[in-house]
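*Asks:* The primary structure of each chain is shown beneath.
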Amino acid sequence: GDSVTQMEGPVTLSEEAFLTINCTYTATGYPSLFWYVQYPGEGLQLLLKATKADDKGSNKGFEATYRKETTSFHLEKGSVQVSDSAVYFCALNAGNMLTFGGGTRLMVKP
Amino acid sequence: KAGVTQTPRYLIKTRGQQVTLSCSPISGHRSVSWYQQTPGQGLQFLFEYFSETQRNKGNFPGRFSGRQFSNSRSEMNVSTLELGDSALYLCASSPLRGANEKLFFGSGTQLSVL
Numbered sequence: 001g002d003s004v005t006q007m008e009g010p011v012t013l014s015e016e017a018f019l020t021i022n023c024t025y026t027a028t029g030y031p032s033l034f035w036y037v038q039y040p041g042e043g044l045q046l047l048l049k050a051t052k053a054d055d056k057g058s059n060k061g062f063e064a065t066y067r068k069e070t071t072s073f074h075l076e077k078g079s080v081q082v083s084d085s086a087v088y089f090c091a092l093n094a095g096n097m098l099t100f101g102g103g104t105r106l107m108v109k110p
Numbered sequence: 001k002a003g004v005t006q007t008p009r010y011l012i013k014t015r016g017q018q019v020t021l022s023c024s025p026i027s028g029h030r031s032v033s034w035y036q037q038t039p040g041q042g043l044q045f046l047f048e049y050f051s052e053t054q055r056n057k058g059n060f061p062g063r064f065s066g067r068q069f070s071n072s073r074s075e076m077n078v079s080t081l082e083l084g085d086s087a088l089y090l091c092a093s094s095p096l097r098g099a100n101e102k103l104f105f106g107s108g109t110q111l112s113v114l
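If you're matching them up, the sequences are chains A and B in order.
Read left to right, the first sequence gives residues 1 to 110 (my numbering).
Read left to right, the second sequence gives residues 1 to 114 (my numbering).
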């Protein structure tokens, strides 16, 4: 079946460091791919999405490129801030429901 | 514009009891989806309702059920609670069907089963 694998956390970075959170997927067909973010005590918020191969999603300085050849959708940000501390979920849409990865906790220290 | 509202925020129940959780979607949104979040299993899809009809269902036992009302508000019910049902239950709404639409999540209901 469909599945999403994310790097395990926590990922601890200093402010202004470069961020990469790896995400790979297994799916039949050509799913849409998403990154959601969950701040403490809140629900999930859509961060960015890509609907076809080679699409790049971007938002708030975060970027991810849909790589069909490597079945990946890695999340990157050039310079993280303390306010980026949260749990990040990679997800795919297949059959009109989201399949999520296990989540990666990011901690950014001043 | 008010966001997705889930009530109650916290619930404590004992094994064997049943529970009903409520979700009010964003005004104008007709699709409501439910997800279960646990430390062990992560986020798992429960079901989606659109126009008062269940359109999609995840791999959960029949103890988990839901419904949607004509005003798009949704409830989910879990009967004969088990310890493993302890989780954060998230509701998400969107204007149209399908997870390709931007989903707006509520803050969830934290259910503890003792």
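Just so you know, these hints were derived from the structure itself, not from any lab.
Any given hint might turn out to be false.
To be verified - Here are the simulated lysine to any residue pairs, SDA-like style, with alpha carbons at most 20 Å apart: (1) B:57 x A:55; (2) B:102 x A:61; (3) A:60 x B:102; (4) B:13 x B:56; (5) B:102 x A:59; (6) A:52 x B:64; (7) B:102 x A:39; (8) A:49 x B:95; (9) A:52 x B:98; (10) B:102 x A:107; (11) A:52 x A:2; (12) B:102 x A:48; (13) B:57 x A:3; (14) B:102 x A:20; (15) B:102 x A:9; (16) B:102 x A:11; (17) B:102 x A:65; (18) B:57 x A:28; (19) B:102 x A:79; (20) B:57 x A:96; (21) B:102 x A:8; (22) B:57 x A:2; (23) A:56 x B:102; (24) B:102 x A:55; (25) B:102 x A:87; (26) A:49 x B:65; (27) B:102 x A:42; (28) A:49 x B:96; (29) B:102 x A:95; (30) B:102 x A:46.
*Asks:* Just to be careful, I want the Cα atoms of residue 102 (chain B) and residue 9 (chain A) compared with a cutoff of 20 Å; is the pair within it?
*Replies:* violated (26 Å)
*Asks:* Just to be careful, I want the Cα atoms of residue 102 (chain B) and residue 95 (chain A) compared with a cutoff of 20 Å; is the pair within it?
*Replies:* Given pair residue 102 (chain B), residue 95 (chain A) holds - Cα atoms ~15 Å apart, limit 20 Å.
*Asks:* Hinted pair, alpha-carbon criterion (20 Å max): residue 102 (chain B), residue 11 (chain A). Please report holds or violated.
*Replies:* violated (27 Å)
*Asks:* Does the structure keep residue 102 (chain B) and residue 79 (chain A) at a Cα separation of 20 Å or less?
*Replies:* Outside the cut-off at roughly 26 Å; violated.
*Asks:* Could you grab the alpha-carbon distance between residue 102 (chain B) and residue 42 (chain A) and see if it respects the 20 Å cut-off?
*Replies:* Holds. Residue 102 (chain B) to residue 42 (chain A) sits at ~17 Å (cutoff 20 Å).
*Asks:* Tell me if the straight-line CA distance from residue 60 (chain A) to residue 102 (chain B) falls inside 20 Å.
*Replies:* Distance of about 16 Å is within 20 Å: holds.
*Asks:* Holds or violated: residue 102 (chain B) with residue 65 (chain A), Cα cutoff 20 Å?
*Replies:* holds (18 Å)
*Asks:* Against the 20 Å threshold, does the CA-CA distance of residue 102 (chain B) and residue 61 (chain A) hold or violate the hint?
*Replies:* OK: residue 102 (chain B) and residue 61 (chain A) at ~19 Å, within 20 Å.
*Asks:* Does residue 55 (chain A) sit within 20 Å of residue 57 (chain B), going by the straight-line distance between their CA atoms?
*Replies:* Violated - the C-alpha atoms of residue 55 (chain A) and residue 57 (chain B) are around 29 Å apart, more than 20 Å.
*Asks:* Hey, residue 13 (chain B) versus residue 56 (chain B), does the alpha-carbon distance stay inside 20 Å?
*Replies:* Judged against 20 Å, a Cα distance of about 27 Å means the pair is violated.
*Asks:* Would the pair residue 49 (chain A) and residue 65 (chain B) pass a check requiring their Cα atoms to be no farther apart than 20 Å?
*Replies:* Given that 20 Å is the threshold and the Cα spacing comes to 30 Å, the pair is violated.
*Asks:* Does residue 3 (chain A) lie within 20 Å of residue 57 (chain B) when you go C-alpha to C-alpha?
*Replies:* Holds. Residue 57 (chain B) to residue 3 (chain A) sits at ~17 Å (cutoff 20 Å).
When held up to the earlier numbered hints, the structure conflicts with 1, 4, 6, 10, 14, 15, 16, 19, 21, 26 and fits the remainder.
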